[in-house]
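Participant: So the chains spell out like this:
Number of protein chains: 2
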Amino acid sequence: MGSIVLKFGGPATASTERIQEVAKKVIAEKERGFNVVVVTAAMGRTTKDLTRMARDLSDDVSKRELDVLLATSSQLTSALFAMALQELGYDAVSLTGWQAGVQTDSVHYNARINNVNVRRIEEHFAEGKVVVVAGEQGIDEHQNITTLGKGGAETTAIAIAASLKAERVDIYTNVDGVYTADPSYIPEAQKLKEISYDEMLELSNLGSHILHPRAVELAKKFQMPVIIRSSITEAEGTLLKEEVEMEKNLLVRGVAFESDIIRLTVGYDAYSDASLADMFTTLAENRINVDIIVQAIIDGVKPSVSFSIVKDEFADALRVLEDSKLSLGFSFADFEIGLSKISIIGSGMASNPGVAARMFDRLRREDIPVKMVSTSEIKVSVVVPQDDMIRAANALHEEFNLEEALHA
Amino acid sequence: MGSIVLKFGGPATASTERIQEVAKKVIAEKERGFNVVVVTAAMGRTTKDLTRMARDLSDDVSKRELDVLLATSSQLTSALFAMALQELGYDAVSLTGWQAGVQTDSVHYNARINNVNVRRIEEHFAEGKVVVVAGEQGIDEHQNITTLGKGGAETTAIAIAASLKAERVDIYTNVDGVYTADPSYIPEAQKLKEISYDEMLELSNLGSHILHPRAVELAKKFQMPVIIRSSITEAEGTLLKEEVEMEKNLLVRGVAFESDIIRLTVGYDAYSDASLADMFTTLAENRINVDIIVQAIIDGVKPSVSFSIVKDEFADALRVLEDSKLSLGFSFADFEIGLSKISIIGSGMASNPGVAARMFDRLRREDIPVKMVSTSEIKVSVVVPQDDMIRAANALHEEFNLEEALHA
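First to last, the sequence lines map onto chains A and B.
The opening position of the first sequence corresponds to residue 1 in UniProt numbering, with each subsequent residue numbered one higher.
The opening position of the second sequence corresponds to residue 1 in UniProt numbering, with each subsequent residue numbered one higher.
If you are wondering where the hints come from, they were derived from the structure by calculation, not from laboratory data.
Ideal Cβ placement from N, Cα and C applies to all residues, glycine included.
Be aware that a few hints might be false.
Claimed, not checked - To spell it out: a stretch of chain A is covered by chain B in this simulated footprint if at least three of its residues, at any positions, have a beta carbon under 8 Å from a beta carbon of chain B; those stretches are:
(1) 41-55
(2) 153-167
(3) 184-194
Claimed, not checked - A few chain B residues that don't get close to chain A, going by computed Cβ distances all over 10 Å:
(4) 33
(5) 64
(6) 78
(7) 80
(8) 107
(9) 112
(10) 114
(11) 267
(12) 325
(13) 329
(14) 375
To be verified - Listed below are the simulated BS3-like cross-link pairs for lysine-lysine, each with C-alpha atoms no more than 25 Å apart in a straight line:
(15) 150(B) / 220(B)
(16) 24(B) / 63(A)
(17) 221(A) / 165(A)
(18) 241(B) / 221(B)
(19) 48(A) / 311(A)
(20) 165(A) / 129(A)
(21) 63(B) / 24(A)
(22) 129(B) / 150(B)
(23) 129(A) / 63(B)
(24) 25(B) / 191(B)
(25) 63(A) / 129(B)
(26) 165(B) / 221(B)
(27) 48(B) / 48(A)
Given these sequences and hints, build the entire structure.
Facilitator: Below, the structure written as structure tokens:
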């Protein structure tokens with residue numbers, strides 16, 4: 001009998017009523033003859049309450065203890081989920097991370113999965129049980145409870161599926177699939193029937209908060225098929241897999257955008273002063289996530305480097321630059337706020353150098369100034385004024401014919 | 001270095017503010033040079049919330065899953081407690097039941113401890129850490145999470161202390177010790193400096209809700225000294241130990257009382273119909289706790305048996321009797337409400353048969369009718385009208401000179 005892994009989180013497990021509802025989706029898969037693992041995320045409200053309690057006690061909470069605290073949240077959801085399945089007349093058993101064999105490194109609050117020993121899950125399969133695993137948690141080699149940080153439950157689902165050699169993973173979300181762009185801003189956005197791991201990876205990294213990049217990476221590594229689908233409707237979702245054959249010729253597969261971007265520029269008096277390595281090491285050590293980096297070293301002009309960060313990290317970034325001005329050797333820093341980032345993604349563009357040019361041309365025709373540019377094999381990102389973001393995204397969506405090509 | 005085990009629960013861990021307060025008591029013991037284990041109980045509010053959520057999902061919740069759910073509560077308290085100790089500048093680590101080596105049987109929701117493997121606790125001692133154990137939980141031989149039911153945290157504390165060969169266990173409560181009677185009703189009640197395990201066992205069973213009988217039994221079995229003390233004041237507590245030498249001559253050491261008792265009487269037409277075994281087996285199977293049992297088989301009078309139960313179980317008991325009338329073969333049942341139970345306890349009375357007589361005589365002089373009587377080696381219990389309870393308790397407290405003898 002084949003096995004599948006179903007991941008539920010967010011609104012799908014926010015209340016006992018919702019758990020009762022989505023439990024029926026699990027039963028449907030069980031009735032199709034699968035051995036089913038359900039992976040549950042924490043209840044958001046619970047996590048918030050727990051974090052507040054920890055903050056009440058200390059400004060500098062031990063991450064090991066924070067993990068012990070936070071792990072209770074998905075454990076709780078897993079038990080409730082198992083109860084819901086039992087109430088529907090099905091045999092089910094909940095497992096914590098360590099019971100499910102989820103072995104991680106010791107980086108508390110942001111642990112990585114090293115291995116999943118699925119022996120116990122398989123034993124419960126042999127008993128005919130649906131196995132409900134508390135996602136977002138595991139155990140390190142010293143038998144300490146760890147939590148997996150952002151995207152932890154999705155990553156757990158894919159790691160378990162890989163170890164079980166499961167047929168696929170279904171990620172139940174509050175959207176019914178992956179779209180060519182965010183439908184709340186781009187009326188012409190279309191749901192994709194399929195998308196490749198690489199494309200999804202770019203989308204995940206670019207402000208489409210459907211599936212965390214680390215989960216996509218793991219799925220790609222193990223070539224695990226993943227379906228993004230709705231926990232509310234019965235709509236067909238989007239299949240995430242290696243090769244997307246049906247629409248191979250398509251250059252661009254989606255448009256992603258993100259507001260509240262800030263550009264920081266740092267200038268040096270001389271080439272010899274400018275060490276990019278020092279600059280970005282210092283920022284990284286202070287946990288400032290830098291996205292696009294543009295270095296300008298033009299003859300006769302003083303060298304400078306610009307980089308984009310999200311608004312939330314602006315104050316921290318300024319403080320770090322201020323504190324490190326001497327050691328980093330720069331002579332001035334300035335910034336520009338009110339920016340946004342727009343990206344076009346598609347594995348087809350790797351072999352087609354004209355895509356970026358077409359993007360710039362369309363933006364120029366729309367009178368939208370491009371402040372920064374960044375490219376990869378399968379995406380082009382530009383920073384544009386935030387006021388122009390939605391107009392730019394719609395224009396690019398139209399430019400690359402996304403409204404007609406990809407119907408599921 | 002010697003070790004001690006400190007148990008906190010109820011109001012002492014009801015909020016982060018209270019945890020911060022009581023953590024100082026732990027530090028004081030650590031500073032005295034002890035290796036310290038803290039055992040935490042669940043937060044009452046959390047347990048209530050969790051149980052409500054389970055009830056939302058099912059009227060017939062799997063006890064295994066209920067345990068997974070409820071175990072999160074003391075796990076949560078243990079992590080918060082460790083954080084509070086760390087904030088005070090001390091190295092601390094929280095352990096769940098399974099991490100602390102608490103091995104139990106598989107009776108979910110009411111598991112018994114089989115063994116505590118304290119290897120990990122001792123390793124943390126070697127690192128200089130205070131170890132905070134989530135009480136009320138363990139793990140069975142199949143690696144399932146269990147919870148220990150009523151008195152679980154105290155029992156965990158004593159089991160860990162026994163395995164560690166600790167010097168003593170301190171039970172922090174909202175009272176500052178064991179009194180000759182409940183001081184809120186008996187103004188003359190005195191705090192006891194010491195009390196024997198057997199006397200405490202009778203007190204625990206008789207409505208003094210300070211320490212659960214199973215914890216007292218375990219302490220007696222391992223001859224573990226236990227101090228009952230206040231989590232709020234610095235007052236000296238009551239030491240629980242095997243022999244109480246100081247007041248050996250004292251006949252009676254305490255008066256306990258409990259209201260809302262109901263007497264049920266079942267009558268039979270003939271001796272041959274009356275099977276006490278069948279009756280009490282049926283009641284036990286339906287989880288009706290029967291306390292005092294009085295059988296009346298008098299020549300010329302139809303046989304009957306009376307027993308006392310608490311008010312909460314009255315409806316259930318009536319239902320069981322109704323359902324089983326035929327198989328149990330009784331011809332009538334009646335009941336009396338508005339009763340209470342009063343007990344005098346003291347290991348000295350074992351060798352003094354006059355104590356019960358003196359009790360009955362005093363009650364007679366007070367015009368308080370005795371409805372039922374039950375005796376053991378070290379206690380005498382009587383059932384009297386609830387309206388007379390406080391008056392009877394005060395009279396007996398005076399009768400046995402408890403107000404003067406026992407000052408700590």
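Participant: Run every hint past the structure and note whether it holds.
Facilitator: Results for each hint:
Given a C-beta distance limit of less than 8 Å, the hint that chain B covers the stretch 41-55 of chain A holds, as 3 residues qualify and 3 suffice. Chain B is given as covering the stretch 153-167 of chain A, and this is violated because 0 residues of the stretch bring a CB closer than 8 Å to a CB of that chain, at least three being needed. By the rule of at least three residues with a Cβ nearer than 8 Å to a Cβ of chain B, the coverage given for the stretch 184-194 of chain A is violated, with 0 such residues. Distance check on residue 33(B): its Cβ is at least 24 Å (rounded) from any Cβ of chain A, clearing the 10 Å threshold; non-interface status holds.
The Cβ of residue 64(B) does not lie farther than 10 Å from every Cβ of chain A; its closest approach is about 7 Å, which violates its non-interface assignment. Remark: the non-interface label on residue 78(B) conflicts with the geometry, its nearest Cβ contact in chain A lying 7 Å away (cut-off 10 Å). Some Cβ of chain A comes within 10 Å of the Cβ of residue 80(B); the nearest lies about 6 Å off, and the non-interface call is violated. The beta carbon of residue 107(B) is kept farther than 10 Å from every beta carbon of chain A, the shortest such distance being approximately 17 Å.
Residue-level check passed: residue 112(B) sits 21 Å from the nearest beta carbon of chain A, beyond 10 Å. With 10 Å as the threshold on Cβ separation, the claim that residue 114(B) sits away from chain A holds: the shortest Cβ distance comes to roughly 19 Å. With a least CB separation of 43 Å from chain A, residue 267(B) remains clear of the 10 Å interface cut-off, as annotated. Under the 10 Å C-beta cut-off, the non-interface status given to residue 325(B) relative to chain A holds; the minimum distance is some 33 Å.
With a cut of 10 Å on Cβ distances, residue 329(B) stays outside the contact zone with chain A, its closest approach being about 38 Å. At roughly 45 Å from the closest C-beta of chain A, the C-beta of residue 375(B) stays outside 10 Å, upholding its exclusion from the interface. This hinted pair checks out: residue 150(B) and residue 220(B) have alpha carbons roughly 18 Å apart, not beyond 25 Å. Taking the CA atoms of residue 24(B) and residue 63(A), the gap is near 22 Å; set against the 25 Å cutoff, the hint holds.
Under the criterion of a C-alpha separation no larger than 25 Å, the hint pairing residue 221(A) with residue 165(A) is consistent with the structure, at around 13 Å. About 11 Å separates the Cα atoms of residue 241(B) and residue 221(B), which keeps this hinted pair within 25 Å; it holds. Distance hint between residue 48(A) and residue 311(A) is fulfilled; the C-alpha atoms sit about 22 Å from each other, no more than 25 Å. Distance check on the hinted pair: residue 165(A) and residue 129(A) sit about 18 Å apart at the alpha-carbon level, within 25 Å; holds.
Distance hint between residue 63(B) and residue 24(A) is fulfilled; the C-alpha atoms sit about 22 Å from each other, no more than 25 Å. Between residue 129(B) and residue 150(B), the direct Cα distance comes to roughly 29 Å. Violation of the 25 Å bound is thereby established for this hinted pair. Of the pairs offered as hints, the one joining residue 129(A) and residue 63(B) holds, with about 16 Å between alpha carbons and a cut-off of 25 Å not exceeded. For the suggested pair residue 25(B) and residue 191(B), the alpha carbons sit about 21 Å apart, so the restraint of at most 25 Å is met.
Distance restraint check for residue 63(A) and residue 129(B): the Cα-Cα separation of roughly 16 Å lies within the 25 Å cut-off, and the hinted pair is therefore satisfied. Simply put, residue 165(B) and residue 221(B) have alpha-carbon atoms about 13 Å apart, close enough for the 25 Å limit, and the pair holds. Taking the CA atoms of residue 48(B) and residue 48(A), the gap is near 19 Å; set against the 25 Å cutoff, the hint holds.
Going through the hint list in order, the structure does not satisfy hints 2, 3, 5, 6, 7, 22.
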